[in-house]
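Sequence order for the protein chains is A and B.
For the first sequence, the working numbering assigns the number 106 to the initial residue and increments by one for each residue that follows.
For the second sequence, the working numbering assigns the number 106 to the initial residue and increments by one for each residue that follows.
The hints are simulated quantities; they were obtained by calculation from the structure and are not laboratory data.
Hints may contain errors.
Chain copies aren't distinguished; within one or between two, either way the pair holds.
To be verified - With a straight-line Cα cutoff of 30 Å, these simulated DSS-like cross-link-like pairs (lysine-lysine) come out: (1) Lys137 / Lys195; (2) Lys256 / Lys403; (3) Lys165 / Lys441; (4) Lys256 / Lys136; (5) Lys403 / Lys441; (6) Lys137 / Lys403; (7) Lys403 / Lys133; (8) Lys137 / Lys165; (9) Lys256 / Lys137; (10) Lys165 / Lys133; (11) Lys256 / Lys133; (12) Lys165 / Lys256; (13) Lys441 / Lys195; (14) Lys195 / Lys136; (15) Lys403 / Lys136; (16) Lys195 / Lys256; (17) Lys133 / Lys195; (18) Lys403 / Lys165; (19) Lys441 / Lys137.
Number of protein chains: 2
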Amino acid sequence: MTSSPISDAIGQVLGDIGPFVDFFLNSKWAKKRGQPGISDFVVGNPHEAPVPGYASTLQKWAEPQSNDWFAYQMSEPYATDAVASSLRAKLGIAFEPEHITMTTGAMAGLTVTIRCVANPGDEVIFATPPWFFYDAIITASEAVPVRVPVKPSDFDLDLDAIRQAISPRTRAIIVNSPNNPTGRIYPPETLQGLAGLLSDASAEYGRTIYLISDEAYSHILAPGAEFHSPLEFYPNSFLIYTYGKTLLTPGQRLGYIALSPAMPDIEQISFGLLATMVTSSYGFPNAVLQRGLADLEKLSIDIDHLNAKRDRMMGNLRGMGYEVTEPEGTFYLLVKSPLEDDRFFTDELAIDDVYVLPGSMFEMPGYFRISLTATTEMIERALPIFEATIAPTRDFLVTARAV
Amino acid sequence: MTSSPISDAIGQVLGDIGPFVDFFLNSKWAKKRGQPGISDFVVGNPHEAPVPGYASTLQKWAEPQSNDWFAYQMSEPYATDAVASSLRAKLGIAFEPEHITMTTGAMAGLTVTIRCVANPGDEVIFATPPWFFYDAIITASEAVPVRVPVKPSDFDLDLDAIRQAISPRTRAIIVNSPNNPTGRIYPPETLQGLAGLLSDASAEYGRTIYLISDEAYSHILAPGAEFHSPLEFYPNSFLIYTYGKTLLTPGQRLGYIALSPAMPDIEQISFGLLATMVTSSYGFPNAVLQRGLADLEKLSIDIDHLNAKRDRMMGNLRGMGYEVTEPEGTFYLLVKSPLEDDRFFTDELAIDDVYVLPGSMFEMPGYFRISLTATTEMIERALPIFEATIAPTRDFLVTARAV
């Protein structure tokens with residue numbers, strides 16, 4: 106028995122997220138964030154004015170219409186009705202309010218789902234490069250993270266590698282589409298293939314492998330891009346959603362878990378989610394957000410404006426010689442670092458107060474990620490700095506090739 | 106390996122909270138709650154108009170004053186400054202903002218603290234009768250609940266029994282004062298004694314035993330009652346607070362964990378709490394609540410009005426022959442059921458639409474609990490029904506004694 110002040114799992118989490126925490130608390134970006142005049146592309150935080158109508162919606166629903174206006178909330182009908190109706194329209198799946206568990210966002214949705222289905226030692230698979238906290242939330246749940254790299258050619262899921270990674274201890278796989286950081290939307294063929302192999306493996310090992318579909322960015326699509334949910338293909342699926350991306354309000358926690366209506370053990374899982382929610386920080390959203398949900402459903406960040414920023418940034422970076430992956434969704438751009446050492450290159454950008462997320466922070470060394478939640482002014486200010494920073498590298502490469 | 110759809114821990118939680126969930130979803134109260142004309146004393150939910158100034162405070166702080174108004178929140182200075190200052194004034198302990206972790210309420214505070222310090226199999230002690238969810242949140246954290254009954258004479262902590270219950274696996278003890286359901290405030294001598302025995306046992310076993318102080322009701326005191334926090338006596342203490350009782354807004358989740366500034370491993374524990382918060386539903390409170398916290402700190406339910414309801418109810422019930430424990434704090438009254446079978450007796454009250462919480466729901470069979478968050482009208486309506494329901498029992502007892 107250890108005499109450490111903290112638990113073994115949290116000790117491991119602290120080790121895992123150490124570099125991220127260090128970057129978040131101690132990097133030059135951490136010291137300068139929020140100051141005027143910098144170009145901040147690091148995380149998906151709002152830098153432009155809040156979505157019109159958001160604050161007034163909060164104010165409207167903060168006005169009590171009954172004595173129990175601020176009473177205990179669980180998954181309340183005024184919220185689950187609106188969610189089920191919105192999901193039916195969007196995905197064409199027959200969701201009913203009882204399939205919906207309201208949560209304080211995708212973090213609660215993910216952690217509660219994992220704790221609901223996984224025993225200590227169970228394995229949870231996710232694709233790499235991942236959203237940086239998958240490993241930590243699996244570890245904190247006493248489960249075991251298992252990484253499967255995406256195909257390097259097109260960042261699609263590598264189904265053969267996933268099949269190889271499945272063991273008798275596999276309990277779940279997290280699928281994130283549209284994907285942070287690659288911007289990739291997994292196509293129907295891939296999701297169909299994944300469903301087939303998960304069904305086969307579940308049957309082989311006599312234990313359901315659940316699909317946890319992180320759909321945080323499902324409303325943030327490039328022009329012409331089409332989103333398909335894994336729930337269209339695999340019945341043992343949990344849909345995890347947050348309004349924090351669509352409304353760009355990550356400080357006002359609101360989201361849900363939607364169970365596939367075709368899930369065989371749906372009733373037991375529903376009760377299990379309720380018990381897990383109650384015993385995991387009671388992660389039900391606040392009364393004002395649940396009561397106002399039908400109104401909030403109608404709001405969104407300006408997707409055209411976002412795509413305009415995306416095109417401006419992508420076109421210019423490409424013109425300078427950067428290799429930029431064209432995203433099908435999310436508000437991120439994945440860029441190859443002109444130098445293999447992404448920390449070194451991004452530190453060069455930081456000298457002139459241009460801040461991006463180095464790929465080594467999200468298991469993709471040699472790349473960096475740009476969040477397009479930055480302002481147009483930040484982008485215009487940064488473009489010449491991106492140009493000046495790649496120039497010596499580009500010149501060197503040109504010279505090297507000539508020699 | 107089980108093939109159950111849900112994890113073993115959550116399966117056990119579902120079993121444990123089964124009776125409570127059943128009461129909550131299927132009892133006569135569950136079917137009638139919220140309807141006019143009933144007297145609802147079951148849970149600490151608001152039945153009177155929200156605290157004056159609460160809604161307008163939300164509305165004020167929902168108005169964005171910057172582009173990042175709704176950005177990601179952790180434990181933000183505008184909240185932790187106000188908390189530290191309030192706690193310093195109240196407890197005379199030298200809290201600083203860095204000792205404060207903001208949470209979505211006491212549930213998050215408790216679950217995060219347990220997960221931060223306890224390994225699977227570690228034991229967490231609590232006094233019985235308990236708040237009904239202690240067992241479930243300990244079990245859901247893969248830790249082991251250990252019950253120690255309070256002294257039957259005065260409901261004070263039984264220090265000898267606690268010492269006996271401590272084992273090499275003991276990691277923490279939850280202390281809830283003012284206590285739900287007994288209304289008891291543990292006196293300084295008891296807390297001093299507890300601190301001594303926890304220090305001794307920690308030294309004996311070479312591993313810190315943490316004290317988790319659930320102070321949800323520390324602002325809800327009877328006239329003349331004096332509250333002492335265990336943090337005045339034991340350095341390895343976590344103070345868990347929620348605004349949900351003081352403001353009677355349990356649907357707007359806001360609270361904190363305050364570490365004793367004297368805690369020896371305070372830095373490691375602080376980072377551990379941060380890592381646990383991030384990986385446990387990201388239970389940081391919403392931006393509007395954190396930004397408005399200094400204003401919310403000034404608000405409270407009307408304690409005089411609450412105590413008037415308490416005196417009216419207690420005096421009358423005693424006059425009818427009920428044995429009522431006089432609470433030093435909380436908004437509950439603990440009443441001995443005139444019949445040993447508290448479910449039977451409370452079902453009798455329910456025939457006339459008077460709803461209370463039977464003691465068998467909180468490990469105190471033979472009692473029931475009255476929540477004084479009910480309205481004056483509910484109380485006046487209920488008094489003759491309490492009288493009519495005890496009458497045959499009382500008459501029977503009088504007759505039996507005479508014979």
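Looking at the structure, which of the earlier hints fail to hold?
1, 2, 3, 4, 5, 6, 7, 9, 10, 11, 12, 13, 14, 15 and 17
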